[in-house]
Amino acid sequence: MSNYLQRFYPYQSLKLMFKQLSPATTAHSFTLTPSAVENRLRQVHNHTIPYTLEKRQSTIPNAGNGIYLHGNHQKKGDIICFYPGTIYLPSEPILFVSINNQYILRCVDGICIDGKSTGLSGRVYKSLYYRENWPGAIQISDLTWMYGGVLKNPLAVGQYVNNGTSAYPANVCYQEVDIPAEFPHMLRGYIPNMYWDAHTNPLRSPMRMVALFALSDVYHGDELFSTYMANVS
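Counting from 9, one number per residue, gives the positions in the sequence shown under this note's numbering.
No lab work stands behind these hints, which were simulated from the structure alone.
Note that CB positions come from ideal geometry on N, CA and C, so glycine has one too.
Check the hints yourself; a few may be wrong.
[What the hints assert, rightly or not] Lysine to aspartate or glutamate pairs mimicking EDC-like chemistry, simulated, CA-CA at most 16 Å apart:
hint: 1; residue 1: LYS63; residue 2: ASP230
hint: 2; residue 1: LYS160; residue 2: GLU62
hint: 3; residue 1: LYS134; residue 2: ASP205
hint: 4; residue 1: LYS84; residue 2: ASP225
hint: 5; residue 1: LYS84; residue 2: ASP230
hint: 6; residue 1: LYS83; residue 2: ASP205
hint: 7; residue 1: LYS83; residue 2: ASP225
[As the list claims (entries may be wrong)] If you anchor each label on the Cβ, the simulated ranges turn out as follows:
hint: 8; residue 1: LYS134; residue 2: ALA175; range: 18 to 28 Å
hint: 9; residue 1: GLU46; residue 2: ALA206; range: 44 to 54 Å
hint: 10; residue 1: ALA206; residue 2: ASN70; range: 17 to 27 Å
hint: 11; residue 1: THR208; residue 2: GLN51; range: 23 to 33 Å
hint: 12; residue 1: ILE107; residue 2: ALA206; range: 18 to 28 Å
hint: 13; residue 1: ASN108; residue 2: SER135; range: 30 to 40 Å
hint: 14; residue 1: LEU211; residue 2: LYS160; range: 36 to 46 Å
hint: 15; residue 1: PRO58; residue 2: PRO101; range: 32 to 42 Å
hint: 16; residue 1: TYR227; residue 2: GLN65; range: 15 to 25 Å
hint: 17; residue 1: ARG139; residue 2: GLY85; range: 34 to 44 Å
hint: 18; residue 1: THR67; residue 2: ARG212; range: 38 to 48 Å
Work out the full structure, taking the sequences as your base and the hints as a guide.
Right, here's the structure in full:
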């Protein structure tokens with residue numbers, strides 16, 4: 009698994025059709041595992057998360073809103089939040105949803121996650137959600153991240169984390185992880201992602217998620233700043 013992703017901008021999908029992104033070449037000692045995701049989602053399920061995440065004005069000038077941690081400090085390597093949205097495989101159409109959309113992440117293997125909750129992106133995710141989460145079925149994903157307010161998974165706010173800069177160094181890093189088919193059913197309803205492909209069954213095949221983990225200890229009141237590649241030692 010790689011921890012290198014790149015955020016899309018309008019029409020970026022056309023450019024990246026002809027450009028292969030390379031993962032970080034430096035090794036790191038931390039690898040995000042499905043068990044780490046399971047442990048964090050169990051805390052969500054049991055309402056025992058030792059911190060909260062708040063969206064408000066970023067400390068970066070002209071950057072809009074950002075995400076702040078409140079509560080117990082989180083150690084280096086801990087999962088802080090998740091990146092929600094529709095999952096597109098490399099061969100699937102993403103041009104139209106990428107227009108005026110700064111919330112698309114591209115994984116090193118070409119998988120993209122669209123974290124925009126409004127417009128065409130929002131309509132696509134809602135359609136996919138109701139396609140799979142029909143009454144009586146195993147609930148395999150969460151919809152509440154799209155609406156704000158009280159979230160079923162309050163950690164599904166990774167799309168609002170601002171990029172780190174030289175003046176505001178990154179303290180979290182994106183990393184993708186594939187959840188195995190045997191992942192506990194009772195926790196799947198907290199996963200804020202859906203596959204666009206109707207033939208991909210997450211109950212029978214791995215489910216892609218993207219988490220933001222701490223590059224260093226994150227303390228009460230800290231704003232989260234992200235990076236797409238890092239050497240974590």
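Structure-based check of all given hints:
no.	hint	verdict
1	LYS63 - ASP230	holds (12 Å)
2	LYS160 - GLU62	holds (15 Å)
3	LYS134 - ASP205	holds (14 Å)
4	LYS84 - ASP225	holds (5 Å)
5	LYS84 - ASP230	holds (14 Å)
6	LYS83 - ASP205	violated (36 Å)
7	LYS83 - ASP225	holds (4 Å)
8	LYS134 - ALA175: 18 to 28 Å	violated (38 Å)
9	GLU46 - ALA206: 44 to 54 Å	violated (26 Å)
10	ALA206 - ASN70: 17 to 27 Å	violated (40 Å)
11	THR208 - GLN51: 23 to 33 Å	holds (27 Å)
12	ILE107 - ALA206: 18 to 28 Å	holds (23 Å)
13	ASN108 - SER135: 30 to 40 Å	violated (20 Å)
14	LEU211 - LYS160: 36 to 46 Å	violated (19 Å)
15	PRO58 - PRO101: 32 to 42 Å	holds (41 Å)
16	TYR227 - GLN65: 15 to 25 Å	holds (19 Å)
17	ARG139 - GLY85: 34 to 44 Å	holds (36 Å)
18	THR67 - ARG212: 38 to 48 Å	holds (44 Å)
Checked against the numbered hints given earlier, this structure breaks hints 6, 8, 9, 10, 13, 14; the rest are met.
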